[in-house]
Amino acid sequence: MKRLWNYLTIYDKVLIISLIMISGIFMLTPLVGLLSEQDRGNQEKEIVIQTGDGRVQRILLENTFQEEALIIPVEGPLGISYIEAHQGRVRIKEAPPADPLKICEHTGWIEQAGPPIICVPNKISVWIEDKESELDGVSW
Amino acid sequence: MGFPGSWKKYTVMIIILIVLVIIAGGVSYFRNGRVKFLLWDRKGIYSQQEFMMDTIVTVKIADTKSRSEPALTETFHEMRRWADRLDRFKPTSEISRINHSQGKPVKVTAEVIYLLEQAREYSRLSKQAFDPTIAPLVELWGFGQEKQRVPEDEEIKQLLVKTDYRRLILDPGENSVLLPAGMSLDLGGAAKGFVVDQGIKKLLALGIKSAYINAGGTIRVIGNKAPGQCWSIGIRKPQIAEEGKGSDYYNNYIVKLNQGSLATSGDYERYFIEEGVRYSHLLDPRTGYPARELKSATIYAEQALLADILSTAVFVLGWRQGQELINNLPGIEGFLVRDGSVWSSEGFTDLTK
Amino acid sequence: MVKTRQIAIIGLLVSIGLFLHLIEAMLPLKLIIPGAKLGLANIVILMGLVLFGFRGGGLILLLRILLTSILAGTLLTINFYLSLAGGVLSFGVMYFLYTYWRDRFSLVGISVAGAVSHNLGQLVTSYLIIDNPGIFYYWPYLVLLAIPTGISVGLVSYFSLSYLPTELSKGG
Numbered sequence: 001m002k003r004l005w006n007y008l009t010i011y012d013k014v015l016i017i018s019l020i021m022i023s024g025i026f027m028l029t030p031l032v033g034l035l036s037e038q039d040r041g042n043q044e045k046e047i048v049i050q051t052g053d054g055r056v057q058r059i060l061l062e063n064t065f066q067e068e069a070l071i072i073p074v075e076g077p078l079g080i081s082y083i084e085a086h087q088g089r090v091r092i093k094e095a096p097p098a099d100p101l102k103i104c105e106h107t108g109w110i111e112q113a114g115p116p117i118i119c120v121p122n123k124i125s126v127w128i129e130d131k132e133s134e135l136d137g138v139s140w
Numbered sequence: 001m002g003f004p005g006s007w008k009k010y011t012v013m014i015i016i017l018i019v020l021v022i023i024a025g026g027v028s029y030f031r032n033g034r035v036k037f038l039l040w041d042r043k044g045i046y047s048q049q050e051f052m053m054d055t056i057v058t059v060k061i062a063d064t065k066s067r068s069e070p071a072l073t074e075t076f077h078e079m080r081r082w083a084d085r086l087d088r089f090k091p092t093s094e095i096s097r098i099n100h101s102q103g104k105p106v107k108v109t110a111e112v113i114y115l116l117e118q119a120r121e122y123s124r125l126s127k128q129a130f131d132p133t134i135a136p137l138v139e140l141w142g143f144g145q146e147k148q149r150v151p152e153d154e155e156i157k158q159l160l161v162k163t164d165y166r167r168l169i170l171d172p173g174e175n176s177v178l179l180p181a182g183m184s185l186d187l188g189g190a191a192k193g194f195v196v197d198q199g200i201k202k203l204l205a206l207g208i209k210s211a212y213i214n215a216g217g218t219i220r221v222i223g224n225k226a227p228g229q230c231w232s233i234g235i236r237k238p239q240i241a242e243e244g245k246g247s248d249y250y251n252n253y254i255v256k257l258n259q260g261s262l263a264t265s266g267d268y269e270r271y272f273i274e275e276g277v278r279y280s281h282l283l284d285p286r287t288g289y290p291a292r293e294l295k296s297a298t299i300y301a302e303q304a305l306l307a308d309i310l311s312t313a314v315f316v317l318g319w320r321q322g323q324e325l326i327n328n329l330p331g332i333e334g335f336l337v338r339d340g341s342v343w344s345s346e347g348f349t350d351l352t353k
Numbered sequence: 001m002v003k004t005r006q007i008a009i010i011g012l013l014v015s016i017g018l019f020l021h022l023i024e025a026m027l028p029l030k031l032i033i034p035g036a037k038l039g040l041a042n043i044v045i046l047m048g049l050v051l052f053g054f055r056g057g058g059l060i061l062l063l064r065i066l067l068t069s070i071l072a073g074t075l076l077t078i079n080f081y082l083s084l085a086g087g088v089l090s091f092g093v094m095y096f097l098y099t100y101w102r103d104r105f106s107l108v109g110i111s112v113a114g115a116v117s118h119n120l121g122q123l124v125t126s127y128l129i130i131d132n133p134g135i136f137y138y139w140p141y142l143v144l145l146a147i148p149t150g151i152s153v154g155l156v157s158y159f160s161l162s163y164l165p166t167e168l169s170k171g172g
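Protein chains in written order, with the working numbering: chain A, 1 to 140; chain B, 1 to 353; chain C, 1 to 172.
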């Protein structure tokens, strides 16, 4: 460890420390948003599923509190991805066999507004959004 | 240094170029839609409010900031231009020139000819429940002015003959309008819709695909607010603002639109009270008295102009005939409120789902 | 003679790169952070850059990506373009630092910068493809992972290079 520290130049150290600081800041920023939104509960959240052709499905998170999990097949360029929503959480249960890395499958469950599940090869992204119940306007 | 030595300098450049082209080609082959290179120019809802036509006008655009902001300015400029042309209290406006023409033909823009044609057409279809030549009656009642009063029967009868859309002569080929002396136009029931349509036309010309315009309750939208999400619009409950419920809306009738217009006419908008009786500004052109049967009428139509005209016409027609007119016109849906009950056309109910 | 030897060494480095890639694919790192990789193959790129400069390093990079994707069956798929974009950006950054700021940055610093820009290149390309800015949520986590692996890669390259006979780095 001491040898490593001596080997590093001052520029190396500045680079590494500033990278750690920048990513720390970026990491905390979404967290601040998440914490303030937690008290909104499940009632006003929805799952958003976006496919490559720009189509979007929205499912109220409160509709996933049932005994049976909700399985949503979504078609992408590589085949069908199966999305599972259950007990206020959502994940990509099964990526199509043609997806070599299946990164989105490994992402696991998400249950809050925050990082999306993204399947780049099959061009599907899934995330949770706070539902906007507000009206855009009133006709009078 | 360098490997292999025999390579010419530009070979490296060519290889770099080829690799970059391969990456760009791959990305553009796989990407979704238009690439937005600037993260900080993300899509959002950008809105602006201005006071115009005696009311608040709101424009919302769902697009990138760099596209929305100039579009907002240009759209308001365009809408204000048309609002000025239709303002009958502005001496230089096209409507004023028609009203002061003393029976001589007046040249106007093609858009105003179109507006008057539509006004005349729907006057005919609604059997004169709407009439653009109602200005003399409106002035007699004094709505919007200081000397509001209930006129004598005799006075009204004299002015009823001056309210007749059939005597408004339009020449679309020449873009000219001929209005007999003594008559005058009041486009109160159509101008907001027309101006909203012009605003939307401007937005479309600017390449905006997703927007919302609300001019004093007359609303038109294009496109989804966000992918898969319509614009949602409430309908005001027809209560008088003094009761403290002025901004209340029907929770079960929230209209979801990604195209089309809504306009509402209600007796709560402009009115005065004399000897305990409330007189609303929505006059029946056939009798010269305020229409009383409905509390409010909301119309859905493709164009805001039609929604605006028809909401006035249906309000005047009342419960039964209003429903008939809505059901008879293709592409028109409606929602009526009278004391104690509401009615919604089948298509209108579908819009709220 | 020199040329032949260099070709042989480049071939050797490419195959070490392939081997490292295979080792890496066995590690379950992507279970922790979606899309994360150690980037061990960067060792051979960095060594190629030091030994043979821009052309040699670039050649190793392109050959490695091409061969890896042929072996993994991802040639011309999205994954191929992602590694190409990440690799090219990372190589560009490392080449720049090594050529102009060699006196300021050690191989460790250069390798860390390369690892971070590799992530950035992949994320930006993914963003362009999927058009969901939410993908940048993962960037700080990837950076935090890239720092220790970047340091290790830099150290390994440094020590490997110091054990190699010096005449290897003398180009023909």
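The hints are simulated quantities; they were obtained by calculation from the structure and are not laboratory data.
Hints are not guaranteed to be accurate.
[As the list claims (entries may be wrong)] Cβ pair distances, simulated, as ranges:
| # | chain 1 | residue 1 | chain 2 | residue 2 | range |
| --- | --- | --- | --- | --- | --- |
| 1 | C | Y100 | B | Q48 | 26 to 34 Å |
| 2 | B | K147 | A | Q57 | 52 to 60 Å |
| 3 | B | R124 | A | V56 | 40 to 48 Å |
| 4 | A | M21 | B | I14 | 49 to 57 Å |
| 5 | C | L71 | B | G44 | 40 to 48 Å |
| 6 | B | R278 | A | E62 | 22 to 30 Å |
[Unchecked claim] From chain B, some residues computed to sit far from chain A (all C-beta separations above 12 Å):
| # | residue |
| --- | --- |
| 7 | I45 |
| 8 | T55 |
| 9 | E121 |
| 10 | G207 |
| 11 | I299 |
| 12 | Q303 |
All C-beta atoms in this analysis are idealised placements derived from N, C-alpha and C, irrespective of residue type, glycine included.
Each hint tested on the structure:
1. The hinted window of 26 to 34 Å between C/Y100 and B/Q48 is violated, with their beta carbons roughly 48 Å apart.
2. Hint check: B/K147 to A/Q57, Cβ distance near 59 Å, so the stated range 52 to 60 Å holds.
3. A hinted range of 40 to 48 Å for the beta carbons of B/R124 and A/V56 is consistent with their spacing of about 44 Å.
4. With their beta carbons about 41 Å apart, A/M21 and B/I14 fall outside the hinted range of 49 to 57 Å.
5. Taken as a hint, the range 40 to 48 Å holds for the pair C/L71 and B/G44, whose Cβ atoms sit roughly 44 Å apart.
6. For the pair B/R278 and A/E62, the beta carbons lie near 44 Å from each other, so the given range of 22 to 30 Å is not met.
7. Against chain A, the non-interface label of B/I45 is violated: not every CB pair exceeds 12 Å, the least being about 9 Å.
8. Remark: the non-interface label on B/T55 conflicts with the geometry, its nearest Cβ contact in chain A lying 10 Å away (cut-off 12 Å).
9. Every CB of chain A is more than 12 Å from the CB of B/E121 (nearest about 23 Å), matching its label as outside the interface.
10. For B/G207, the shortest C-beta to C-beta distance to chain A comes to about 17 Å, beyond the 12 Å cut-off, and the non-interface label holds.
11. At roughly 9 Å from the closest C-beta of chain A, the C-beta of B/I299 falls inside 12 Å, breaking its exclusion from the interface.
12. The claim that B/Q303 lies off the interface holds: its Cβ sits roughly 15 Å from the closest Cβ of chain A, which is beyond the 12 Å cut-off.
In the structure shown, a violation is registered for the earlier hints numbered 1, 4, 6, 7, 8 and 11, in ascending order.
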